[in-house]
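Chemist: Chain by chain, the residues:
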Amino acid sequence: MASGVKPRVKVPKKATAGEAITIKTLISHKMESGQRKDDDGNAIPRSIINRFTCDFNGENVVDVKMEPAISTNPYFEFEALVPEAGEFKFTWYDDDGSVYEETKSIAIG
Amino acid sequence: MEFTRRNAIAMGAGALLVAGLPLRASAATSDEAIAAFTGGAEVGTGDIKLTAPEIAENGNTVPIEVSSGSATEIMVLALGNPTPAVATFKFGKLAASRAASTRIRLAGTQDLVAIAKLEDGSFVQASSTVKVTIGGCGG
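Residue numbers (the numbering used here), protein chains in the order written: chain A, 1 to 109; chain B, 1001 to 1139.
If we strip away everything but chain A, and leave its shape as in the complex, we get (with noise of 0.2 Å):
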């Protein structure tokens, strides 16, 4: 399990029915590109999330396959229909194994 991985995830308290609202996904994770070379000369290996998920109510709202070449700590913004009040869940997965999740609630009001 890579350490210190944190997920933020700035989502709208609540929101109109059918509204699209603003999400705003942030995770503190190195992304080990496998291209940088430690002090003797060898690669560091790859080791990075190579997916990132969010689902609202059990129904997909986008699925990031990722790369290498996505930064430290990425960064996804988007925009989510929001046809009723219920839960976002964010999933990370970790080249590792790990994966990572984060949920937040919305209303509707």
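Calculated from the structure, these hints are not laboratory results. Check the hints yourself; a few may be wrong.
Below are the SDA-like pairs computed for lysine to any residue, each with C-alpha atoms no more than 25 Å apart in a straight line [as the list claims (entries may be wrong)]: (1) A:Lys10 with A:Glu101; (2) A:Lys37 with B:Arg1103; (3) A:Lys89 with A:Glu19; (4) A:Lys65 with B:Ala1041; (5) A:Lys6 with A:Glu59; (6) A:Lys30 with B:Glu1057; (7) A:Lys30 with B:Arg1005; (8) B:Lys1090 with A:Val99; (9) B:Lys1090 with A:Glu101; (10) A:Lys65 with A:Ala107; (11) A:Lys6 with A:Gly109; (12) B:Lys1093 with A:Glu101; (13) A:Lys10 with B:Gly1108; (14) A:Lys65 with A:Asn50; (15) A:Lys10 with B:Gly1044; (16) A:Lys65 with A:Asp95; (17) A:Lys30 with A:Glu59; (18) A:Lys10 with A:Asp94; (19) B:Lys1090 with B:Asp1047; (20) A:Lys37 with B:Gly1108; (21) A:Lys65 with B:Met1011; (22) A:Lys65 with B:Ala1008; (23) A:Lys10 with A:Ser98; (24) A:Lys65 with B:Ile1034; (25) A:Lys65 with B:Asn1007; (26) A:Lys10 with B:Lys1090; (27) A:Lys89 with B:Gly1108; (28) A:Lys65 with B:Pro1063.
Some but not every residue of chain B turned toward chain A, in silico, with C-beta under 7 Å [unchecked claim]: (29) Phe1003; (30) Ala1087; (31) Leu1094; (32) Arg1105.
Using N, Cα and C, we set each Cβ at its ideal position, and we do this for glycine too.
With the hints as your guide, set chain B onto chain A.
Modeler: What follows is chain B alone, placed relative to chain A:
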């Protein structure tokens, strides 16, 4: 070793080969990646927009945005990076707009390409050239 003319030519040829290889490899894998994504279909221009800065001060974190009206999937490639693939965005039914922003690493000045698979099954692409002052691949 003695620096004879024979050695010089051999070194020159070797250097050319080494210089040529990475360039060809990068082009090959980005073509392969595009072919895998489109299944060999023709890629036109149209409903896809790629927003990237003209000059990136820091190649480690370059903000980009892709947006489209009707794309189901958008693939972004950085043609000059050691591995061209950057990200592939798949939009579900609840995606309000087929748009996403993120920050990427660019090794040096290069072209960025965004290819979108539209709802009707066609493919469109947009590209943008980004000048990078300090490369972002740990080099």
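Chemist: For each hint, tell me whether it holds in the structure or not.
Modeler: Against the structure, the hints come out as follows:
1. A:Lys10 with A:Glu101: Holds, at roughly 14 Å.
2. A:Lys37 with B:Arg1103: It holds: about 22 Å lies between the C-alpha atoms, which stays within 25 Å.
3. A:Lys89 with A:Glu19: holds (18 Å)
4. A:Lys65 with B:Ala1041: holds (21 Å)
5. A:Lys6 with A:Glu59: Given pair A:Lys6, A:Glu59 holds - Cα atoms ~24 Å apart, limit 25 Å.
6. A:Lys30 with B:Glu1057: holds (20 Å)
7. A:Lys30 with B:Arg1005: violated (48 Å)
8. B:Lys1090 with A:Val99: holds (19 Å)
9. B:Lys1090 with A:Glu101: Given that 25 Å is the threshold and the Cα spacing comes to 19 Å, the pair holds.
10. A:Lys65 with A:Ala107: With Cα atoms ~29 Å apart, A:Lys65 and A:Ala107 exceed 25 Å; violated.
11. A:Lys6 with A:Gly109: violated (30 Å)
12. B:Lys1093 with A:Glu101: Distance ~21 Å between B:Lys1093 and A:Glu101 Cα, so the pair holds.
13. A:Lys10 with B:Gly1108: This hinted pair is violated, its Cα atoms lying about 32 Å apart.
14. A:Lys65 with A:Asn50: Judged against 25 Å, a Cα distance of about 6 Å means the pair holds.
15. A:Lys10 with B:Gly1044: Judged against 25 Å, a Cα distance of about 36 Å means the pair is violated.
16. A:Lys65 with A:Asp95: Holds, because 12 Å separates the two Cα atoms, which is no more than 25 Å.
17. A:Lys30 with A:Glu59: violated (29 Å)
18. A:Lys10 with A:Asp94: holds (21 Å)
19. B:Lys1090 with B:Asp1047: holds (16 Å)
20. A:Lys37 with B:Gly1108: holds (18 Å)
21. A:Lys65 with B:Met1011: violated (41 Å)
22. A:Lys65 with B:Ala1008: This hinted pair is violated, its Cα atoms lying about 46 Å apart.
23. A:Lys10 with A:Ser98: holds (22 Å)
24. A:Lys65 with B:Ile1034: Since the Cα atoms of A:Lys65 and B:Ile1034 sit roughly 15 Å apart, the hinted pair holds (cutoff 25 Å).
25. A:Lys65 with B:Asn1007: violated (47 Å)
26. A:Lys10 with B:Lys1090: holds (20 Å)
27. A:Lys89 with B:Gly1108: violated (36 Å)
28. A:Lys65 with B:Pro1063: holds (17 Å)
29. Phe1003: violated (27 Å)
30. Ala1087: Hint holds; B:Ala1087 Cβ to chain A Cβ min 5 Å, cut 7 Å.
31. Leu1094: Since chain A brings a Cβ to about 4 Å from B:Leu1094, closer than 7 Å, the hint holds.
32. Arg1105: holds (5 Å)
The structure does not agree with the numbered hints 7, 10, 11, 13, 15, 17, 21, 22, 25, 27 and 29 stated previously, though it agrees with the rest.
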